[in-house]
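J.: Knowing the structure of chain Y, use the given hints to seat chain Z on it.
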Amino acid sequence: MQVAKDKIRRLGSSGHPTRALFEVTSRCNARCGYCYIAHRKTAVELSTSQVIRAMDNLHSQGILFLVITGGEPFLRPDILEILNHARSLNFLSLSIYTNGYLIDDSRLAQLCGMAPNLRTIQMSVFSHIPEVHDSYMGLPGSLKRIMFSGRALMDSGIRVTLSLNVLEFNVDTTQESIDFFSSRGFKILVGCFKDIPNLEVRTHLIGSIEPDFFERFVTGLAPNLRRKYLRDMQNRCSDSGTGLCEGRFTQVMIDSAGYIHPCPSFPGITMGNIISTESLHSAILSSSEFKAARALTRDDIPACKSCDFKSFCSICIGKMHNEFGGYDKPCPQSCHYAQALRKAGKLSHAAA
Amino acid sequence: MPVYQIVEGLAIQEVADEVFVLNRSAAVVHTFNGTGRFCWTLVREGLTAKEIVDRLTETYDISTEQAELDCKEFLAELESSGLIACRSPKIKSDG
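Top to bottom, those sequences are chains Y and Z.
With the first letter of the first sequence counted as 1, position 28 gets the number 28 in our numbering; the numbers rise by one all the way through.
With the first letter of the second sequence counted as 1, position 5 gets the number 5 in our numbering; the numbers rise by one all the way through.
Check the hints yourself; a few may be wrong.
Stated by the list, open to error - Which chain Y residues face chain Z? A few, computed with CB under 7 Å, are given here:
id, residue
1, A4
2, L11
3, G62
4, L64
5, N273
As the list claims (entries may be wrong) - Below, a sample of chain Z positions facing chain Y; criterion: calculated Cβ distance under 8 Å:
id, residue
6, E14
7, V15
8, R24
9, T31
10, A76
In short, the hints are calculated from the structure, not lab data.
In this text, a Cβ means the ideal position worked out from N, Cα and C, and glycines have one as well.
Okay, chain Y solo, but in the shape it has when bound (with noise of 0.2 Å):
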């Protein structure tokens, strides 16, 4: 579904976000080492009427794309008929984001039946090796089930997309697990993680991912593949007016107690409680702290204005004000990857 990009953007910047991620818990099953999300100190849940109410909310200001998120939003026992409401709705896009362990089959067989509205469902995996996927969430027998319940969801025409989580302990394996996956008619979304044993450093997601690991992660891709990479980010970043995530304008994120914050990266800023807001443009516009991560451009950050690096870099704003509380100086994982892209672009370009 393509979406002219120069009309999403043209609404973000006027401070119209047409994405809304919403996590309706914050609740999890799975233990993985590096999501901040299932240590948050409030664990404040809205009821069903409310989570209605917010996406009611949502959708008459103008959210084209709705995706339910947590937590695992499958933990909610209210969580099809949140599902069978947001259908309704008729957003142009509907999406899920789970583990998928409590996918049983009367779930299954309801979740197949709300295609086409429903139009994807995005679950975590760790590796196409059943022992190493279950062994990290802690779920047994959680890859077997993704695997049955991901075919059911494509046939009866649900996209059904694979979150692969790559992290030390499966950086060297990641090429094997997306051919695996791919092979099977997944589709496949990579991103790249740190164990943090430390939770309150994992809660306000503080913490870079080194050069080295983003080094064996590129070089570890098949060639087409690295070279998809670059030439994502590099599209990325000349598609980007401002040389930064463009996501702070075109998305926002509802936490599990109704606060809207400008994204899953970004927790430190609030702009109002969906449930009580008249106007999510005027929460927006009016909010003192967002205003300067808005207005930020790569030339305002001393460190990036000349770097060599920043057609392979889309930095994060939200890691950058987790990590210094400001936007003085960028993220280091955002470095870090990029100077990994930038290697591999010139390993690309010599076996070319």
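T.: Same frame as chain Y, now just chain Z:
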């Protein structure tokens, strides 16, 4: 004059001054320019092609001939994209 209606099952969302229309069967999202948005709104209100032409000439500084041409092209495009369907018989041309 033919009257068109919006096809069932589309996802339609309005944000600020933009309209986004998704035809799920084709997985294509349509957006319109200013005049297109104006005409789309009139189609949704159930106006006939003739009434749309009248409203176009009232609102924009264009001739009736130009408005008829623009309207015909726009409606044909919406129809071929599966966004609208004719609900009254089209008048056959003499040719």
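J.: All hints, please: hold or fail.
T.: Comparing the hints with the structure gives:
no.: 1; hint: A4; result: holds, 5 Å
no.: 2; hint: L11; result: holds, 6 Å
no.: 3; hint: G62; result: holds, 3 Å
no.: 4; hint: L64; result: holds, 5 Å
no.: 5; hint: N273; result: violated, 21 Å
no.: 6; hint: E14; result: holds, 7 Å
no.: 7; hint: V15; result: holds, 3 Å
no.: 8; hint: R24; result: holds, 5 Å
no.: 9; hint: T31; result: holds, 5 Å
no.: 10; hint: A76; result: violated, 21 Å
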